[in-house]
Amino acid sequence: MGAYTSVPTWWNHSDSRYRLVCGECPECGAVSFPPSGACTDCHERVEFEEFEPEGTGTVLSVTVIEGGAPPEFASLLATEDAIAVAVVELDEGARLPAMMADCDPHAVARGDRVERVVRRIYEQEGVVRYGSKFRPVRE
Amino acid sequence: MTEVYVIGASQSDYGAFPEESYRSLFTTAYEGAVDAVDGDFDESLIEEAYVGTLGVGGRQLGLSGPAVTEHVGLHGVSCTRVENACAASGTALRQATLAVKSGVVDVALAGGFEVMTDMSGEQTRYWLGVSGETEWERMAGTTFAGVYAQMADAHMAEHGTTREQLSRVAVKNHANGAKNPHAHLGFECSLEDAMAGTPVADPLNLYDCCPTSDGASVAIVANEEVARELTESPVRVAGTGQASARVGLFQRPTLTGVPASRKAAEQAYEQAGIGPDDVDFAEVHDCFSIAELMAYEDLGFCAPGEAGSYIERGATEPDGERPVNLSGGLKSKGHPIGATGTGQTVEVFKQLRGEAGGRQVDGLETGLSHNVGGSGGAAVVTVYEGGWA
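Taken in order, these protein sequences are the chains called A and B.
Per numbering that gives the first Met the number 0, the very first residue in the first sequence carries number 0; after that it's consecutive.
Per numbering that gives the first Met the number 0, the very first residue in the second sequence carries number 0; after that it's consecutive.
Please note that a few of the clues may not be correct.
Derived DMTMM-like pairs: lysine to aspartate or glutamate, alpha-carbon spacing no greater than 25 Å straight-line [said to hold, decoys possible]:
hint	chain 1	residue 1	chain 2	residue 2
1	B	Lys178	B	Glu191
2	A	Lys132	A	Glu43
3	B	Lys100	B	Glu269
4	B	Lys100	B	Asp34
5	B	Lys262	A	Asp40
6	A	Lys132	A	Asp90
7	B	Lys178	B	Glu320
8	A	Lys132	B	Asp201
9	A	Lys132	A	Glu79
10	B	Lys262	A	Glu43
11	A	Lys132	B	Glu134
12	B	Lys100	B	Asp201
Covered, in the sense of this in silico footprint (three residues per stretch, anywhere, with C-beta under 8 Å from a C-beta of chain A), are these stretches of chain B [claimed, not checked]:
hint	stretch
13	199-212
14	363-371
By construction, these hints were calculated from the structure, which means they are not laboratory data.
For each residue, glycine too, the CB sits at the ideal point set by N, CA and C.
Whenever a hint applies, use it, and build me the whole structure from the sequences.
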C-alpha cells in the first residue's frame, strides 16, 4: 500500500514521468515541473509551453534513506540497503525529486552531474509503474 | 475588534498508550483545559470548536471533530475538523481566535489529537509519507525524514552548518523535556549519543528525528469581557499569522528555509506590533533538528545562515537570551501530529503564568508558537503576551 496514486493519475503525467516534460511560463520564462497548475515562480495560471529537456542536471541536495521507506519501496530498500534521493536541477531550470540508480548511494553529492534513465519505480495492485530515475553522467 | 485571550489550556501525556483512544486522550486534554480556567467556568459558553487531526491510521477520517466534542459533552456546538498536516491544531487555534475576534462567538475551543503508535510498522510508514508532494516526492522514494534531510544537506553546504550544531538541538530539547512530566521521550542525551545515532536519512540520524506519539491538547479562547470575569492571569493572543506554499520542497524557491514560516511570522509580528527581538521565548516546530535551526532564521531570531552558531553560543538554552522549546519540543515532548499546535500553546500558557514547574523560566512576557505542516506547505505563527491589552 502506498500514498494512493491510481493508475489514471500516474498516466496523466506520463510525458513528465518518462521524458521529464517541463513547461516554460510565457509570462515570466521560468520552467515548471510538472507543467500543470500555476507557474511555480510567478504563480500565474498560464498555458505552459511544453518541451522535453535534455535530461541532464545537477544535484542540489541529496539524502540517503537507510530506514523507514514507505511500503511501496520496502522491498527495494531491503535489496539495496540504502537509497539515494536527490533534488535535481535540470539544465533547463526546473527542479524535481529524483531517485538515484546505477551508483553507490553514499557517493552521491551536491554538485554531481546526473542524467535521466527510465526505470521500474514500483508495483501497485499488480501494475508495474515505470518512470525516471537519475544516474551519474559518465564522462 | 475584541482582544482574544487563552483562558485555559492543557494536554494529555504524550507517548505510546495502547490502553487509550483518541477520544479518551482528548477528554483528558479537555478536562485539563477546563480545570485550568481560574474562575468557575460554564462549559456551555463554548459555542465554536476547531479540532485538528491528520487522521493517522484512517480512524474516523470523516467527522472526527464532532466525534470528540460530542464525546466530552459539548453538545450541538459548531464543530469543524481542521486538517493542515502537522500544523492542524495551530490552524485550529487561529480559526478559534478569528471566530472570537469577529464577535460572532464569545468563547471558542481549539484542540487536536492523534494516535500513531498502535499500528503495524507498514501502516506507520504509509502514514508518515502522506503530507509531502505524494505523486512526485514520495514516488521518488523520499521519506518525510528524507525531505528534511535534503534541507539539512543544503543548509550544511550553503551555510556551513555542522553535524554537531544539528545534534545540539536534540541535546537541548531532551534536557528540557526531561523536566516535563508530559514528555514522550523525557530523558537526557549526551552530545556524543546524539551525534552517533542510527542513520535514518543522511545526514539525519535517529536523534535528529522526533518520535511518533499518541496525545491530545486543548486551548480555550475567549473575548476580553469573558476573560476578565474568569482570569486574573491573562494570556493574550497578540498576533496570529498563517501562510501556505507549494507542498513539495522541489517546487519552492529555497531548500534552506520555509517561506510560509517567514510570511506567517511577518503577519503575527505586525499584528502584535512587535519584532522578533521582542520575543522572550518560543515553542518552534522541531520535527527534525534542521527544522528548529531553520525556524530560528525564518522567525528572525538570527540572520539567515547563522542558526548553527546561534544555538552553539547557547542563545536558545533555558538560561540563554531566548529559550526555545522549554517543553522539550516535538523532539522530546513528542509529536502527536494533530495535537502538536495547541500543545505548544499549553507550554506558552504555562510559562507566561508561571505554572511550568521545574522548567519555569522567570520574567517571560512575550511568547511565540510556530507550527509547520509537512515540509512547509503550511505554517502558523502565534504571538502571546502576558497581561491585559
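Self-check item: Hints the structure fails to honour
Solution: 2, 12, 14
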